[in-house]
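Could you build all of it, start to finish, from the sequences and the hints given here?
Letter by letter, the chains look like this.
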Amino acid sequence: KAGVTQTPRYLIKTRGQQVTLSCSPISGHRSVSWYQQTPGQGLQFLFEYFSETQRNKGNFPGRFSGRQFSNSRSEMNVSTLELGDSALYLCASSLLGVAPDEQYFGPGTRLTVT
Amino acid sequence: KQEVTQIPAALSVPEGENLVLNCSFTDSAIYNLQWFRQDPGKGLTSLLLIQSSQREQTSGRLNASLDKSSGRSTLYIAASQPGDSATYLCAVRPRPSGGSNYKLTFGKGTLLTVNP
Numbered sequence: 001k002a003g004v005t006q007t008p009r010y011l012i013k014t015r016g017q018q019v020t021l022s023c024s025p026i027s028g029h030r031s032v033s034w035y036q037q038t039p040g041q042g043l044q045f046l047f048e049y050f051s052e053t054q055r056n057k058g059n060f061p062g063r064f065s066g067r068q069f070s071n072s073r074s075e076m077n078v079s080t081l082e083l084g085d086s087a088l089y090l091c092a093s094s095l096l097g098v099a100p101d102e103q104y105f106g107p108g109t110r111l112t113v114t
Numbered sequence: 001k002q003e004v005t006q007i008p009a010a011l012s013v014p015e016g017e018n019l020v021l022n023c024s025f026t027d028s029a030i031y032n033l034q035w036f037r038q039d040p041g042k043g044l045t046s047l048l049l050i051q052s053s054q055r056e057q058t059s060g061r062l063n064a065s066l067d068k069s070s071g072r073s074t075l076y077i078a079a080s081q082p083g084d085s086a087t088y089l090c091a092v093r094p095r096p097s098g099g100s101n102y103k104l105t106f107g108k109g110t111l112l113t114v115n116p
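In order, the protein sequences belong to chains S and P. The first sequence begins at 1 in this note's numbering and counts up by one. The second sequence begins at 1 in this note's numbering and counts up by one.
Bear in mind the hints are in silico, worked out from the structure with no lab data behind them. Glycine is no exception: its CB is placed at the ideal position from the N, C-alpha and C atoms. Be careful, since some hints might not be right.
[Claimed, not checked] Which chain S residues face chain P? A few, computed with CB under 7 angstroms, are given here: (1) G42; (2) L43; (3) F45; (4) N56; (5) L90; (6) V98; (7) F105; (8) G106; (9) P107; (10) G108.
[To be verified] Okay, derived cross-link-like pairs now, BS3-like style, lysine-lysine, Cα gap no bigger than 30 angstroms in a straight line: (11) P:K108 <-> P:K42; (12) P:K68 <-> S:K57; (13) P:K1 <-> P:K42; (14) P:K1 <-> P:K108; (15) S:K13 <-> P:K42; (16) S:K57 <-> P:K108; (17) P:K103 <-> P:K68; (18) S:K57 <-> P:K42; (19) P:K103 <-> S:K13.
So, in structure tokens, the structure goes:
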């Protein structure tokens with residue numbers, strides 16, 4: 001069974017631009033969560049989607065948004081990029097997103113904002 | 001608000017040594033605690049998951065313990081090897097309440113270097 005895949009793996013953008021990252025969950029998984037990892041803040045929860053609906057949201061500005069499609073694939077979008085958005089963005093999938101599901105992480109997308 | 005702390009932030013040991021990584025959390029109302037490994041620039045690999053009702057879990061040379069009442073967990077690595085060099089992260093999962101309980105709270109990790 002294929003694992004969680006994320007595209008692209010690496011991305012370089014300029015301040016002020018916007019970016020879209022993609023996550024394909026494990027087949028059959030319907031919950032997708034997104035995390036941002038930076039050296040200073042560590043791993044922080046962005047949001048979680050289930051059946052095309054956002055169920056949980058972390059403490060991030062409105063520039064960060066996401067969506068989920070009917071096939072459970074998810075995208076996250078960051079508008080008006082800032083230098084501080086440079087990070088590793090990880091997504092994770094699980095069957096239903098509730099106990100006792102386990103969460104499986106993808107390899108991440110490394111975003112660099114210049 | 002749940003906070004997770006990992007001590008030490010970095011650890012360097014010679015090959016073959018046994019070592020302990022520490023994780024503490026402020027809110028004991030957790031569903032489970034999970035230890036992950038992260039290699040440089042890569043995603044997370046789950047090592048051990050301990051349910052809140054359990055005291056420990058073992059996998060090969062790894063043993064994780066959980067003391068929920070004191071808000072502590074330890075990851076014990078026996079006979080360390082250079083291939084164990086990585087960042088080790090612990091994460092707590094809250095108890096289900098309504099919708100999903102997948103807002104994991106992570107510590108900042110311990111960077112382990114095992115020298116040959």
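Hint check:
no., hint, verdict
1, G42, "holds, 4 angstroms"
2, L43, "holds, 4 angstroms"
3, F45, "holds, 5 angstroms"
4, N56, "holds, 5 angstroms"
5, L90, "holds, 6 angstroms"
6, V98, "holds, 5 angstroms"
7, F105, "holds, 4 angstroms"
8, G106, "holds, 5 angstroms"
9, P107, "holds, 4 angstroms"
10, G108, "holds, 5 angstroms"
11, P:K108 <-> P:K42, "holds, 15 angstroms"
12, P:K68 <-> S:K57, "holds, 26 angstroms"
13, P:K1 <-> P:K42, "holds, 28 angstroms"
14, P:K1 <-> P:K108, "holds, 16 angstroms"
15, S:K13 <-> P:K42, "holds, 20 angstroms"
16, S:K57 <-> P:K108, "holds, 20 angstroms"
17, P:K103 <-> P:K68, "holds, 18 angstroms"
18, S:K57 <-> P:K42, "holds, 24 angstroms"
19, P:K103 <-> S:K13, "holds, 28 angstroms"
Hint violations for this structure: none, all hints satisfied.
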